[in-house]
Amino acid sequence: MPSPSAQDGGPTRGPAGATAALILADGTVLWGRGVGAVGEAGGEVVFNTGMSGYQEVMTDPSYAGQILTFTFPHIGNVGTNPEDIESVTPAARGCILRADITEPSNWRAAQHLDAWLKSHGLVGMTGVDTRRLTRRIRDVGAPNGLIVHAPDGLFDLDGLKTRAAGWPSLEGLDLAKDVTCTQTYGWDETRWSLAHGYGTQDTPRFHVVAVDYGAKRNILRSLASHGCRVTVVPASADVEAIMNHRPDGIFLSNGPGDPAATGTYAVPVVQKLVASGKPVFGICLGHQILALALGAKTYKMDIGHRGANHPVKDHTTGKVEITSQNHGFGVDRASLPPGVVETHTSLFDGTVEGLAVEGKPVFSVQYHPEASPGPQDSQYLFARFMKTIEESKA
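Here the sequence shown is numbered in UniProt numbering, starting from 1 and rising by one per residue.
Just so you know, the hints here were simulated from the structure itself, not pulled from any lab data. The structure presented is a predicted model; accordingly, all values stated were derived computationally and were not measured. Think of the CB as a built atom: it goes at the ideal place given N, C-alpha and C, for glycine as much as any other residue. Heads up, a few of these hints could be off.
[Claimed, not checked] Pairs of lysine-lysine, DSS-like flavour, derived with a Cα cap of 30 Å:
#1 Lys387 <-> Lys319
#2 Lys313 <-> Lys360
#3 Lys118 <-> Lys161
#4 Lys272 <-> Lys161
#5 Lys319 <-> Lys393
#6 Lys319 <-> Lys177
#7 Lys297 <-> Lys319
#8 Lys360 <-> Lys177
#9 Lys272 <-> Lys387
#10 Lys393 <-> Lys360
#11 Lys319 <-> Lys300
#12 Lys300 <-> Lys313
#13 Lys297 <-> Lys387
#14 Lys387 <-> Lys161
#15 Lys272 <-> Lys297
#16 Lys300 <-> Lys360
#17 Lys177 <-> Lys161
#18 Lys360 <-> Lys387
#19 Lys300 <-> Lys177
#20 Lys393 <-> Lys300
#21 Lys360 <-> Lys297
[Unchecked claim] Okay, the calculated beta carbon distance ranges per label pair:
#22 Ala115 <-> Thr28: 24 to 34 Å
#23 Ala110 <-> Ser169: 30 to 40 Å
#24 Thr89 <-> Ser52: 17 to 27 Å
#25 Gly27 <-> Gly199: 47 to 57 Å
Construct all of the structure, not just a fragment, from the sequences and the given hints.
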């Protein structure tokens with residue numbers, strides 16, 4: 001492609017055919033073709049290695065504040081539908097693709113991915129060398145950046161570079177408050193099946209209160225499928241509000257942002273929940289907040305884990321499971337206090353993937369056992385939570 005040129009000091013015209021650009025914080029510009037909504041979006045640029053489930057990924061609240069690079073080329077091949085969503089409003093800021101959006105070829109497809117992106121105001125771009133971008137993120141960490149879709153091919157590069165350089169880091173940001181529910185509600189929908197779609201839990205054995213830091217719907221469905229009536233409360237709920245529901249167990253959900261920032265109001269609540277003696281189960285951000293409540297520390301990872309092929313070893317059984325993951329922060333192993341044991345470890349990079357409290361019905365994992373999308377190896381953790389509740393009630 002020819003070099004872009006400025007027109008009398010005004011906007012810069014991109015290379016021939018370019019209608020989108022990704023501007024990284026260091027001034028790097030990657031050109032492509034715009035899809036989805038026209039406009040501009042900023043965030044942390046990350047990559048996801050999953051080979052399926054792009055709609056579930058885009059609607060996962062844990063991706064708030066991030067621009068997603070998909071390493072799999074056939075994005076759009078199954079279209080979109082109203083069922084494969086993890087939240088009503090997508091949390092991701094935009095998406096970056098290698099190839100043009102594939103025409104949908106699936107009996108469940110209700111809408112083209114491009115139309116779906118437009119309907120949610122999501123900016124996207126295709127034609128990017130995603131392998132090069134992924135290697136860059138792998139080698140130097142996830143950068144901040146801006147993604148711009150301009151059908152006329154004109155870009156204010158100077159202004160875009162300035163805004164990209166000044167985009168705030170996710171470190172220190174509490175994004176849970178932006179994606180949590182605003183009021184308490186009940187949940188009884190169970191996991192999807194080919195013959196019946198989503199079902200309803202009408203004979204629950206237990207009552208679980210789920211604290212919503214950005215909960216994925218499939219986590220709530222998994223709890224319901226394992227015999228729970230679920231009451232979902234906002235991230236800001238205090239101990240009294242939670243315990244007034246008389247739960248048999250308490251679930252701490254996934255979510256976006258820096259756990260230390262969310263922890264300023266969540267940690268004191270979780271400490272009291274642990275002290276109550278009720279069974280507690282945390283996933284992802286819930287795992288990190290639980291670790292902070294127990295006295296450990298968290299840190300920002302250089303790359304993070306995002307994909308559906310991460311091997312994790314469960315030290316309680318000796319088994320290895322393939323897991324779905326999405327997190328950019330981790331728990332510092334060296335900071336784990338006495339009485340808190342590491343139950344799961346990543347076989348990719350050796351980071352902490354699970355915790356338990358000795359002598360208490362309290363445990364958590366960093367990854368996503370509900371796996372939407374992803375492997376089903378870790379569903380046993382919901383059964384483990386049910387067993388913990390059953391033993392606690394007995």
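Hints that the structure is at odds with (numbers, increasing): When the structure is compared with the hints, numbers 4, 6, 14 and 20 turn out to be violated.
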